[in-house]
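Enquirer: This is what each chain is made of:
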Amino acid sequence: MDMQALASTVPVQGEYSLEGIDFITNGDQYLTFELDQEQYGVDILSVEEIRSWEKPTKIPNSPTYVVGVINMRGVIVPIIDLRLKFGIGTATYTETTVVVVLTIETDEHSRTIGFVVDAVSDVLDAEESDIKPAPAFGGRIPPCYVDGLVNLENDLVTLLNVVELQKIEAHASRKKG
Amino acid sequence: MSIDLSQFLPSFLEESDEGLALMESGLLDLEPGDDESINAIFRAAHSIKGGAGTFGFNQVTDFTHLVETLLDEMRDGRREIVGADIEILLKSVDCIRLLIEAEKVGETCEDSRIGHTTDLLNQTLALSDSSNEESNEQASVESTNVGGSSQTSWQIEFIPEHHLVQTGNDPIFLLNALADLGEVSIRCQSQLPAFDELDPEELFLTWQIELIADVDEDEIREIFEWVEDECQLNITKVETVEQVLAEPEHIASENTEAPVPQIEPEPVTAPEASIAPTSAPAASTPATNDKANKPAAKATVKAKPDAGSIRVGVDKVDSLINLVGELVITQSMLSELGNNFDLTKVERLNAGLEQLLQNTKELQESVMRIRMLPISFAFNRFPRLVHDLSLKTGKQVDLVINGEQTELDKTVMEQIGDPLVHLVRNAVDHGIEAGEQRIANGKPAQGTITLDAYHQGGNIVIEISDDGGGINRDAVLNKAIEKGVVEPGVTLTDSQVFDLLFEPGFSTAKQVSDISGRGVGMDVVKRNIQALGGRIQVESEQGQGSTFRVYLPLTLAILDGQLVKVGDQVYVIPLISIVESLQAKAELINTVSGDLVLYRLREDNVPVLPVYQLFNLPADNKDVEGCLLVVVEADGQKVGLMVDDLLAQQQVVIKSLEDNYQQVDGISGATILGDGSVAMIIDIPGIIDMALSHARDKQDQFYQSMTQEHV
Numbered sequence: 001m002d003m004q005a006l007a008s009t010v011p012v013q014g015e016y017s018l019e020g021i022d023f024i025t026n027g028d029q030y031l032t033f034e035l036d037q038e039q040y041g042v043d044i045l046s047v048e049e050i051r052s053w054e055k056p057t058k059i060p061n062s063p064t065y066v067v068g069v070i071n072m073r074g075v076i077v078p079i080i081d082l083r084l085k086f087g088i089g090t091a092t093y094t095e096t097t098v099v100v101v102l103t104i105e106t107d108e109h110s111r112t113i114g115f116v117v118d119a120v121s122d123v124l125d126a127e128e129s130d131i132k133p134a135p136a137f138g139g140r141i142p143p144c145y146v147d148g149l150v151n152l153e154n155d156l157v158t159l160l161n162v163v164e165l166q167k168i169e170a171h172a173s174r175k176k177g
Numbered sequence: 001m002s003i004d005l006s007q008f009l010p011s012f013l014e015e016s017d018e019g020l021a022l023m024e025s026g027l028l029d030l031e032p033g034d035d036e037s038i039n040a041i042f043r044a045a046h047s048i049k050g051g052a053g054t055f056g057f058n059q060v061t062d063f064t065h066l067v068e069t070l071l072d073e074m075r076d077g078r079r080e081i082v083g084a085d086i087e088i089l090l091k092s093v094d095c096i097r098l099l100i101e102a103e104k105v106g107e108t109c110e111d112s113r114i115g116h117t118t119d120l121l122n123q124t125l126a127l128s129d130s131s132n133e134e135s136n137e138q139a140s141v142e143s144t145n146v147g148g149s150s151q152t153s154w155q156i157e158f159i160p161e162h163h164l165v166q167t168g169n170d171p172i173f174l175l176n177a178l179a180d181l182g183e184v185s186i187r188c189q190s191q192l193p194a195f196d197e198l199d200p201e202e203l204f205l206t207w208q209i210e211l212i213a214d215v216d217e218d219e220i221r222e223i224f225e226w227v228e229d230e231c232q233l234n235i236t237k238v239e240t241v242e243q244v245l246a247e248p249e250h251i252a253s254e255n256t257e258a259p260v261p262q263i264e265p266e267p268v269t270a271p272e273a274s275i276a277p278t279s280a281p282a283a284s285t286p287a288t289n290d291k292a293n294k295p296a297a298k299a300t301v302k303a304k305p306d307a308g309s310i311r312v313g314v315d316k317v318d319s320l321i322n323l324v325g326e327l328v329i330t331q332s333m334l335s336e337l338g339n340n341f342d343l344t345k346v347e348r349l350n351a352g353l354e355q356l357l358q359n360t361k362e363l364q365e366s367v368m369r370i371r372m373l374p375i376s377f378a379f380n381r382f383p384r385l386v387h388d389l390s391l392k393t394g395k396q397v398d399l400v401i402n403g404e405q406t407e408l409d410k411t412v413m414e415q416i417g418d419p420l421v422h423l424v425r426n427a428v429d430h431g432i433e434a435g436e437q438r439i440a441n442g443k444p445a446q447g448t449i450t451l452d453a454y455h456q457g458g459n460i461v462i463e464i465s466d467d468g469g470g471i472n473r474d475a476v477l478n479k480a481i482e483k484g485v486v487e488p489g490v491t492l493t494d495s496q497v498f499d500l501l502f503e504p505g506f507s508t509a510k511q512v513s514d515i516s517g518r519g520v521g522m523d524v525v526k527r528n529i530q531a532l533g534g535r536i537q538v539e540s541e542q543g544q545g546s547t548f549r550v551y552l553p554l555t556l557a558i559l560d561g562q563l564v565k566v567g568d569q570v571y572v573i574p575l576i577s578i579v580e581s582l583q584a585k586a587e588l589i590n591t592v593s594g595d596l597v598l599y600r601l602r603e604d605n606v607p608v609l610p611v612y613q614l615f616n617l618p619a620d621n622k623d624v625e626g627c628l629l630v631v632v633e634a635d636g637q638k639v640g641l642m643v644d645d646l647l648a649q650q651q652v653v654i655k656s657l658e659d660n661y662q663q664v665d666g667i668s669g670a671t672i673l674g675d676g677s678v679a680m681i682i683d684i685p686g687i688i689d690m691a692l693s694h695a696r697d698k699q700d701q702f703y704q705s706m707t708q709e710h711v
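The listed protein sequences derive, respectively, from chains D and W.
In terms of this note's numbering, the first sequence is residues 1 to 177.
In terms of this note's numbering, the second sequence is residues 1 to 711.
Quick caveat, the hints were computed from the structure, so don't treat them as lab data.
Quick caveat: nothing in here was measured; it's all calculated off a predicted structure.
Errors might be hidden in some of the hints.
[Said to hold, decoys possible] Here are the computed distance ranges between Cβ atoms for each label pair:
(1) D:T64 <-> W:N590: 35 to 43 Å
(2) W:R549 <-> D:P143: 54 to 62 Å
(3) W:G484 <-> D:P142: 42 to 50 Å
(4) W:Q704 <-> D:T64: 51 to 59 Å
(5) W:D623 <-> D:T64: 23 to 31 Å
(6) D:P143 <-> W:L588: 53 to 61 Å
(7) D:P142 <-> W:E414: 51 to 59 Å
(8) D:Q29 <-> W:G626: 58 to 66 Å
(9) W:G484 <-> D:R140: 44 to 52 Å
[Said to hold, decoys possible] In silico DSS-like pairs for lysine-lysine, Cα to Cα no more than 27 Å straight-line:
(10) W:K91 <-> D:K58
(11) D:K55 <-> W:K698
(12) D:K58 <-> W:K565
[Unchecked claim] Some chain W residues near chain D, calculated using beta-carbon distances under 10 Å:
(13) L647
(14) V653
(15) D665
(16) M680
By construction, the Cβ of each residue, glycine as well, lies at the ideal position given by its N, Cα and C atoms.
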């Protein structure tokens, strides 16, 4: 089904129009970003905004990859450093470090969480047939986080499962010496 | 276009709620000869009936009519005001409430209580003067309820003159009156002239009515008595009793068409809207039109959950508008200042900003005040509750309410209702002794329960006290030992013993009654109060009575906080829990049992909790000596929080961490500071628990290493 043709038939009131909006495609779209030298992608519909890095407020006794919380227009948003969570590359914070804020809705709740990545790359169109299952050999990232792989010219993009990403492990028990 | 009645439904529901509350409180205080009260009760009942009629809530109308009849007899002095009647009326109030609740969701109420109370009302009314003219009306209502066997079918043709509505007659009343006689099915026909000849103030409708009722022709003619000269009326008798029985569903469905005239009377009520009436008759069959409208309206009512509304005093709104006005003035002053600013105007800028600060503060306070309601909203259900309970238990109980005007946040109010009900029930059931026992103890036979509310600091305190037998300390303690909550042989203070009452599954009542004593509840009460950020305290003296004190924060959204610095992080400590802040003096610091640091604060030894350690932070100062201690108190335990610096005090708006993250130990929430950064709010009871479990872990580890060495 041609989505563009379909869009032109959608009755729209007022000055809005769906014509010429090129993000209407047949497949899903993914925002891709870099972690170290690798490319990763998340469902673009869950992206709330892309922010530049600002120093967050620490959460006491949080896992190391939860670097803190920030104020996003009056909402308290936790920030997770994906490089620390997945153990890829080094967690350095410069002016070009970006935070991809995702709003992930599940049956139980809707959560808004910011993810620190090295850089944002592109928007990727991928049809379902383009998405290949991840090989079972696995890397450092637990397989539950990976939805599949997409070939992009010579590169490979790993699509991440946003529903898994928003799950936050309970704070580690405070037992220590 | 018909008036969409459903838009008025919420206000009807609200008003009837108020009316019912008024009836209830009026009935409880009703004394013979009190014309004022009985009139007020009658008026409330009457408005409910009227409102219900407008919305077509026939069940409510019929029932309220009976109540009204009884009240009318009392009002006219034809009937003595006796306790039994008041009981029936109180029950009726409950029934009306049930009926309205049912109508709200578009259902028919089938509670057995309603039938029962209807019978009671009918009996009471029948017992009075049967030759009374009121009983005529009574009979007519009854006839609608009784599906008699000797019913006749009538065919009525009602052709009004065009000017009928101009004389103030409304066909809807006639048709409703017919509907009161029995089953009706109404068909409406319009003889609409061409548009340019149409006079919107005239009536072009005729009706054909099929009435199935146990009446004779005179009774039907009586209804049309007032319009006799202004219409053509043909009444014919059709014998079709079998049909009635054979097709009850058909009649029922046709009956829904009865409210046809709801559309029609508009030419009278809104003659200025000249277009409106033309479109109504133009719709070929207003009946079907209405039929389509009705379920739709019901559906919207159903879909919309009760969003709740507050009645705000006009004075509050006025002050809000004044403040906003001032804010606008300040804003325009500042923006003018900004247009051509130079350094000579710095002083004026400062003054302007100062004013802005003032305005904002006042505005914030005013807005918060809107959410504040007098606690009488929560208290006003208790007179009835105590009345019912004292009947049930056979104890004489008097309820005294003080401080009804104390204001409390609406959210807190809604959630405190149930715990309070529980405490009051307990007071009647367990607190107050039976009459003979009271007299034997030298107390008046009538027990007294006092509800009081007052402000204390940033808290509101609600007191529930009774002059009953008090809590049996030994019974509580024995029960606790029996249940294994307390080790035998431990000495506990009174308040510790009374706190045991809030343990789950704890009840000392010898007999479980249907009011209370099942051992569920007190723990729920405590949990609910804690969920609101409050606490509960018990005081009791054997033989003298008990007092339950509930401490609640005034509002859930804002707290006064002390900003402190630990390392490079800013934390907020609720001002309410701070006892004092001081600089630690070396000579007052003592270390006990290895590594526990205590600080001598006058008589007390206060444990020092290093916040940086509990929160795993780098800190500037890790030495207790000379550091800043914020002494806080929670649950009777004082601790000194070690911080690096004391910053400003300010009001902070509490934001949830759990929305996007999860609960964090020792943190009750977050807030946004003036510079846009986030600061965590320290949960004082939480951080004390944290420190306790830390200490326990440390001890466990120490003992483990000891035993390992010995093995």
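Enquirer: Take the hints in turn and mark each one as holding or not.
Expert: For each hint, the structure was consulted:
no., hint, verdict
1, D:T64 <-> W:N590: 35 to 43 Å, "holds (36 Å)"
2, W:R549 <-> D:P143: 54 to 62 Å, "holds (56 Å)"
3, W:G484 <-> D:P142: 42 to 50 Å, "holds (44 Å)"
4, W:Q704 <-> D:T64: 51 to 59 Å, "violated (27 Å)"
5, W:D623 <-> D:T64: 23 to 31 Å, "holds (27 Å)"
6, D:P143 <-> W:L588: 53 to 61 Å, "holds (58 Å)"
7, D:P142 <-> W:E414: 51 to 59 Å, "violated (44 Å)"
8, D:Q29 <-> W:G626: 58 to 66 Å, "holds (59 Å)"
9, W:G484 <-> D:R140: 44 to 52 Å, "holds (49 Å)"
10, W:K91 <-> D:K58, "violated (59 Å)"
11, D:K55 <-> W:K698, "violated (33 Å)"
12, D:K58 <-> W:K565, "holds (13 Å)"
13, L647, "violated (14 Å)"
14, V653, "holds (9 Å)"
15, D665, "holds (7 Å)"
16, M680, "holds (7 Å)"
In this structure, the hints that do not hold are numbers 4, 7, 10, 11 and 13, in rising order.
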